[in-house]
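Quick note: the sequence shown, position 91, residue 91 per UniProt numbering, numbers continuous.
Quick caveat, the hints were computed from the structure, so don't treat them as lab data.
Here the structure is a predicted model, which means the values were calculated and not measured.
Beta carbons are placed, not taken as given, at the ideal position from N, Cα and C, and that holds for glycine.
There may be inaccurate statements among the hints.
As the list claims (entries may be wrong) - Quick list of simulated restraints, FRET-style, between CB atoms: (1) Glu55 with Gly7: 19 to 29 Å; (2) Leu78 with Arg13: 34 to 44 Å; (3) Gly47 with Tyr82: 15 to 25 Å; (4) Pro31 with Arg94: 32 to 42 Å; (5) Gln102 with Asp63: 31 to 41 Å; (6) Arg13 with Arg58: 11 to 21 Å; (7) Tyr41 with Glu5: 16 to 26 Å.
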Amino acid sequence: VSVAELGFDRATRYDAICQRAKERGLDLCPPEVGPQLRLQYLDQPHGEWIRVAMEAIRDSDGDLNVFGVEHDGVGLRLVSDYGRPDGLWIPGRRFVFRARKQLLDT
């Protein structure tokens, strides 16, 4: 889901993106989705960058990060990226969210 698909037309805070997704029936992913997505998404198009919407993990420097999967000049990669609540994301940035169980059951 892109930031624009959530209804934002300018750079938007990560916490606002997550809140809007929750209002639309989506939930944050558990952190293990990042590594698992990288292992399974082997046909990711070159140039695509996807971030995992999740509770940010604090790194050794104390910075908050979320996982991402990328296919760039280096190849297929699992990366970490800014996960601060006030971090801004452009409308074209895409996130993976988890569908709520009741949505899956219907």
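We went through each hint and held it up to the structure:
1. Glu55 with Gly7: 19 to 29 Å: Cβ of Glu55 to Cβ of Gly7: about 23 Å, so the range 19 to 29 Å holds.
2. Leu78 with Arg13: 34 to 44 Å: Taking Cβ atoms as reference, Leu78 and Arg13 lie about 24 Å apart, which means the hint is violated.
3. Gly47 with Tyr82: 15 to 25 Å: 20 Å, holds
4. Pro31 with Arg94: 32 to 42 Å: 18 Å, violated
5. Gln102 with Asp63: 31 to 41 Å: 35 Å, holds
6. Arg13 with Arg58: 11 to 21 Å: 18 Å, holds
7. Tyr41 with Glu5: 16 to 26 Å: Given a distance of about 19 Å, which is inside 16 to 26 Å, the answer is holds.
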